[in-house]
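K.L.:
Top to bottom, those sequences are chains A and B. Number 158 in this note's numbering belongs to position 158 of the first sequence; there are no gaps in the numbering. Number 203 in this note's numbering belongs to position 203 of the second sequence; there are no gaps in the numbering.
Check before you lean on any hint, since a few could be wrong.
Claimed, not checked - Computed list of lysine-lysine pairs in DSS-like fashion (alpha-carbon distance at most 27 Å, straight line):
#1 Lys103(B) with Lys140(A)
#2 Lys244(B) with Lys4(A)
#3 Lys129(A) with Lys221(A)
#4 Lys120(A) with Lys244(B)
#5 Lys103(A) with Lys164(A)
#6 Lys103(A) with Lys177(B)
#7 Lys129(A) with Lys74(A)
#8 Lys164(A) with Lys244(B)
#9 Lys140(A) with Lys221(A)
#10 Lys244(B) with Lys78(A)
#11 Lys199(B) with Lys140(A)
#12 Lys4(A) with Lys74(A)
#13 Lys78(A) with Lys177(B)
#14 Lys241(B) with Lys4(A)
#15 Lys177(B) with Lys60(B)
#16 Lys79(A) with Lys71(B)
#17 Lys180(B) with Lys74(A)
#18 Lys40(B) with Lys103(A)
#19 Lys58(A) with Lys74(A)
#20 Lys58(A) with Lys244(B)
#21 Lys129(A) with Lys244(B)
#22 Lys120(A) with Lys180(B)
#23 Lys79(A) with Lys60(B)
#24 Lys140(A) with Lys103(A)
#25 Lys221(A) with Lys57(B)
#26 Lys57(B) with Lys177(B)
#27 Lys129(A) with Lys140(A)
#28 Lys78(A) with Lys103(B)
#29 Lys74(A) with Lys120(A)
#30 Lys57(B) with Lys103(A)
#31 Lys180(B) with Lys188(A)
#32 Lys140(A) with Lys244(B)
#33 Lys221(A) with Lys180(B)
If you're looking for bench data, these hints aren't it; they were derived computationally from the structure.
Given next are the chains, with one letter for each unit.
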Amino acid sequence: MLLKLENIGHTYQAGSPFQARAIEDVNLEIYEGEFLALIGHTGSGKSTLAQHLNGLLKPTSGRVLLNGQDIHEKGFDKKEVRRNIGLVFQYPEHQLFDETVEKDVGFGPRNLGLSAEEVKERVQEALEKVGMRYEDVAQKSPFELSGGQMRRVALAGVIAMRPKVLVLDEPIAGLDPLGREELMGMIKKLHEDGTTVVMVSHSMDDVARYATRAAVMDHGKLVMTGTPEEIFRQADRLTAMGLDVPQVCRLGAMLREAGLAFPENVYREEQALTALMTLLGKGAESDAE
Amino acid sequence: MLNNVTLGQYYPTNSTVHRMDPRMKIVLLVLFIVAVFMAKTLLAFIPVVAFVFIAAKLSKLPPMLLIKGLKPLRIILIITFVMNLFFLQGETVLLDLGFLTIKKEPLFTACLYAARLILLVMGSSILTLTTAPVTLTDGLERLLSPLRVIRFPAHEMAMMMTIALRFIPTLLEEADKIMKAQTARGADFESGNLIARAKAMIPLLVPLFVSAFRRAGDLAMAMEARCYHGGEGRTRLHVLKLQKRDYLALLCSCALIALVVIVR
Numbered sequence: 001m002l003l004k005l006e007n008i009g010h011t012y013q014a015g016s017p018f019q020a021r022a023i024e025d026v027n028l029e030i031y032e033g034e035f036l037a038l039i040g041h042t043g044s045g046k047s048t049l050a051q052h053l054n055g056l057l058k059p060t061s062g063r064v065l066l067n068g069q070d071i072h073e074k075g076f077d078k079k080e081v082r083r084n085i086g087l088v089f090q091y092p093e094h095q096l097f098d099e100t101v102e103k104d105v106g107f108g109p110r111n112l113g114l115s116a117e118e119v120k121e122r123v124q125e126a127l128e129k130v131g132m133r134y135e136d137v138a139q140k141s142p143f144e145l146s147g148g149q150m151r152r153v154a155l156a157g158v159i160a161m162r163p164k165v166l167v168l169d170e171p172i173a174g175l176d177p178l179g180r181e182e183l184m185g186m187i188k189k190l191h192e193d194g195t196t197v198v199m200v201s202h203s204m205d206d207v208a209r210y211a212t213r214a215a216v217m218d219h220g221k222l223v224m225t226g227t228p229e230e231i232f233r234q235a236d237r238l239t240a241m242g243l244d245v246p247q248v249c250r251l252g253a254m255l256r257e258a259g260l261a262f263p264e265n266v267y268r269e270e271q272a273l274t275a276l277m278t279l280l281g282k283g284a285e286s287d288a289e
Numbered sequence: 001m002l003n004n005v006t007l008g009q010y011y012p013t014n015s016t017v018h019r020m021d022p023r024m025k026i027v028l029l030v031l032f033i034v035a036v037f038m039a040k041t042l043l044a045f046i047p048v049v050a051f052v053f054i055a056a057k058l059s060k061l062p063p064m065l066l067i068k069g070l071k072p073l074r075i076i077l078i079i080t081f082v083m084n085l086f087f088l089q090g091e092t093v094l095l096d097l098g099f100l101t102i103k104k105e106p107l108f109t110a111c112l113y114a115a116r117l118i119l120l121v122m123g124s125s126i127l128t129l130t131t132a133p134v135t136l137t138d139g140l141e142r143l144l145s146p147l148r149v150i151r152f153p154a155h156e157m158a159m160m161m162t163i164a165l166r167f168i169p170t171l172l173e174e175a176d177k178i179m180k181a182q183t184a185r186g187a188d189f190e191s192g193n194l195i196a197r198a199k200a201m202i203p204l205l206v207p208l209f210v211s212a213f214r215r216a217g218d219l220a221m222a223m224e225a226r227c228y229h230g231g232e233g234r235t236r237l238h239v240l241k242l243q244k245r246d247y248l249a250l251l252c253s254c255a256l257i258a259l260v261v262i263v264r
């Protein structure tokens with residue numbers, strides 16, 4: 001495995017009257033090449049957990065291991081962690097600051113101490129990966145772009161560091177449906193190209209569609225891990241935690257209630273289509289593309 | 001990273017002093033300051049110290065809190081004390097070590113100034129510890145509102161102060177978030193010389209300003225949407241009303257001033 005969280009606990013402002021326990025006793029491993037979705041209601045500790053993955057927060061108890069080494073041990077180079085694990089915060093466009101898109105995206109690579117040519121190469125590559133043309137945007141100010149474009153530039157700023165693991169905290173929050181679709185497409189592409197992805201998400205549909213594994217947080221504790229199928233099978237437990245299931249699951253439940261023989265383990269739209277076609281007596285293979 | 005910054009000193013205990021009218025508390029502080037400066041003899045200090053003591057007792061604040069509040073003062077205290085002690089002229093020699101002499105009059109003056117400083121800080125601490133910042137600005141606004149006749153913008157001043165106070169924690173949170181985001185991109189805020197550090201602040205300050213302006217715009221819009229148009233003809237949600245305890249406190253402090261005037 002790439003990253004391992006061992007009995008991680010974090011208490012904010014420990015020892016003061018304002019202390020608040022955000023997460024406790026979390027054990028989580030992140031495997032190379034997976035697409036892990038972190039689910040949980042607001043305040044369940046997902047974002048705090050995400051910030052432990054690249055050493056931004058130091059756990060008040062437990063260890064974070066990168067390739068088997070404790071990243072908070074004395075003498076461990078923090079830059080090594082930042083190089084390997086990229087973290088994209090919620091509303092990352094709020095962190096843009098430089099005069100041009102090129103300089104802003106190049107901020108991370110420059111901090112890694114790369115040469116000017118290498119930085120430029122990475123900026124071009126990163127912008128391309130988020131679906132922007134270098135020639136069009138490189139010399140523009142990031143502040144004259146639209147909200148969706150700013151989000152992409154911010155994402156490119158992290159991708160330009162070529163992290164092995166990309167941690168995204170609710171990357172699609174506040175985007176319109178088209179923007180979401182496009183951004184999720186880019187993240188999927190990054191995953192297919194070999195980046196390990198950890199994504200904090202509220203959208204169960206996205207979890208069902210893209211994730212290879214999901215982890216559920218509740219009140220600071222990791223309560224479930226497994227494939228999306230395994231997670232969504234326990235719909236009652238999710239509902240009890242104030243979480244949702246994918247829309248097709250709800251549709252399936254309604255169809256079953258109406259007396260149709262709709263199968264239970266359907267979580268993705270294309271699965272639902274196949275199931276519906278079968279129900280309607282048509283050949284699933286020919287219609288479902 | 002920035003979460004150990006505590007803002008404002010308000011310490012709620014819901015004591016009589018806490019519930020007092022903020023206007024009266026400000027007036028009391030002013031009277032108290034006058035008394036502190038008028039007191040010139042040991043005897044005159046007795047009622048002043050007693051006043052602080054009673055106020056502290058009534059406010060139910062932990063005594064350590066008040067003493068801790070004096071900590072930032074210690075350097076100024078020591079400097080003024082030493083300066084007064086050695087550079088003022090005096091006649092009666094108390095101690096002669098050859099290279100330095102301690103005389104009676106300067107020693108007395110040095111003690112007087114030190115005591116004044118301590119009392120002033122303690123008095124104002126009691127005010128800020130027992131009054132929430134927003135209540136305090138509210139009181140200040142009401143006290144300054146008669147100055148409107150000379151076109152002093154009391155309401156606008158108070159509104160600005162209230163908004164500024166309201167947004168300090170928000171901006172701190174924002175700064176913390178941006179700092180983390182830039183650190184995740186390899187930014188280094190902690191090492192290097194002064195110039196390198198100042199330069200490292202740019203990726204933090206630019207987004208912070210952008211967000212502060214955005215918030216200011218949003219707030220202005222929200223206020224206008226609710227028909228805010230300045231202090232003219234505005235009524236209040238919490239109407240301040242002087243209670244018996246306020247008058248009693250005023251009486252006490254007038255008595256204090258009178259006492260100090262008599263015995264100083």
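K.L.:
Hint by hint, note whether the structure agrees.
P.N.:
Hint-by-hint comparison with the structure:
1. For the hint linking lysine 103(B) to lysine 140(A), the alpha-carbon distance of about 73 Å lies beyond 27 Å, and the restraint is violated.
2. This hinted pair does not check out: lysine 244(B) and lysine 4(A) have alpha carbons roughly 65 Å apart, beyond 27 Å.
3. Distance check on the hinted pair: lysine 129(A) and lysine 221(A) sit about 35 Å apart at the alpha-carbon level, beyond 27 Å; violated.
4. Between lysine 120(A) and lysine 244(B), the direct Cα distance comes to roughly 74 Å. Violation of the 27 Å bound is thereby established for this hinted pair.
5. For a cut-off of 27 Å, the pair hint linking lysine 103(A) to lysine 164(A) stands: about 22 Å separates their Cα positions.
6. In summary, the hint linking lysine 103(A) to lysine 177(B) is supported, as the alpha carbons are separated by about 21 Å, within the 27 Å threshold.
7. Between the alpha carbons of lysine 129(A) and lysine 74(A) the distance comes to roughly 36 Å, so the proposed pair goes past 27 Å and is violated.
8. Distance hint between lysine 164(A) and lysine 244(B) is unfulfilled; the C-alpha atoms sit about 70 Å from each other, more than 27 Å.
9. The hinted pair formed by lysine 140(A) and lysine 221(A) fails the criterion: a straight-line CA distance of about 44 Å is larger than 27 Å.
10. Note on lysine 244(B) and lysine 78(A): the hinted pairing is violated, with a Cα-Cα distance of about 62 Å set against a maximum of 27 Å.
11. The hinted pair formed by lysine 199(B) and lysine 140(A) meets the criterion: a straight-line CA distance of about 22 Å does not exceed 27 Å.
12. Restraint check for lysine 4(A) and lysine 74(A): the C-alpha separation of about 18 Å stays at or below 27 Å, so the hint holds.
13. For the proposed pair lysine 78(A) and lysine 177(B), the alpha carbon gap of about 19 Å is at most 27 Å, so the pair holds.
14. Of the pairs offered as hints, the one joining lysine 241(B) and lysine 4(A) is violated, with about 61 Å between alpha carbons and a cut-off of 27 Å exceeded.
15. Between lysine 177(B) and lysine 60(B), the direct Cα distance comes to roughly 37 Å. Violation of the 27 Å bound is thereby established for this hinted pair.
16. For the hint pairing lysine 79(A) with lysine 71(B), the CA-to-CA distance comes to about 39 Å; that exceeds 27 Å, so the pair is violated.
17. Between the alpha carbons of lysine 180(B) and lysine 74(A) the distance comes to roughly 21 Å, so the proposed pair stays at or under 27 Å and holds.
18. Distance hint between lysine 40(B) and lysine 103(A) is unfulfilled; the C-alpha atoms sit about 65 Å from each other, more than 27 Å.
19. For the hint linking lysine 58(A) to lysine 74(A), the alpha-carbon distance of about 13 Å falls within 27 Å, and the restraint holds.
20. Straight-line distance between C-alpha atoms of lysine 58(A) and lysine 244(B) comes to about 53 Å, which puts the hinted pair past the 27 Å bound.
21. For the given pair, lysine 129(A) sits about 72 Å from lysine 244(B) by alpha-carbon distance, which is inconsistent with the 27 Å threshold.
22. Taking the CA atoms of lysine 120(A) and lysine 180(B), the gap is near 24 Å; set against the 27 Å cutoff, the hint holds.
23. Note on lysine 79(A) and lysine 60(B): the hinted pairing is violated, with a Cα-Cα distance of about 50 Å set against a maximum of 27 Å.
24. The straight-line distance between the Cα atoms of lysine 140(A) and lysine 103(A) is roughly 10 Å, inside the 27 Å bound, and the hint therefore holds.
25. Using a Cα cut-off of 27 Å, the hinted pair lysine 221(A) and lysine 57(B) is violated, with the two alpha carbons roughly 45 Å apart.
26. A distance of roughly 41 Å separates the Cα atoms of lysine 57(B) and lysine 177(B); the hinted pair therefore is violated under the 27 Å criterion.
27. About 18 Å separates the Cα atoms of lysine 129(A) and lysine 140(A), which keeps this hinted pair within 27 Å; it holds.
28. Only pairs whose Cα atoms come within 27 Å are accepted, and lysine 78(A) paired with lysine 103(B) is rejected, the gap being roughly 60 Å.
29. Only pairs whose Cα atoms come within 27 Å are accepted, and lysine 74(A) paired with lysine 120(A) is rejected, the gap being roughly 33 Å.
30. A distance of roughly 60 Å separates the Cα atoms of lysine 57(B) and lysine 103(A); the hinted pair therefore is violated under the 27 Å criterion.
31. This hinted pair checks out: lysine 180(B) and lysine 188(A) have alpha carbons roughly 25 Å apart, not beyond 27 Å.
32. Of the pairs offered as hints, the one joining lysine 140(A) and lysine 244(B) is violated, with about 66 Å between alpha carbons and a cut-off of 27 Å exceeded.
33. Between lysine 221(A) and lysine 180(B) the alpha-carbon distance is near 23 Å, which keeps this suggested pair within the 27 Å criterion.
Of the numbered hints listed earlier, those contradicted by the structure are 1, 2, 3, 4, 7, 8, 9, 10, 14, 15, 16, 18, 20, 21, 23, 25, 26, 28, 29, 30, 32.
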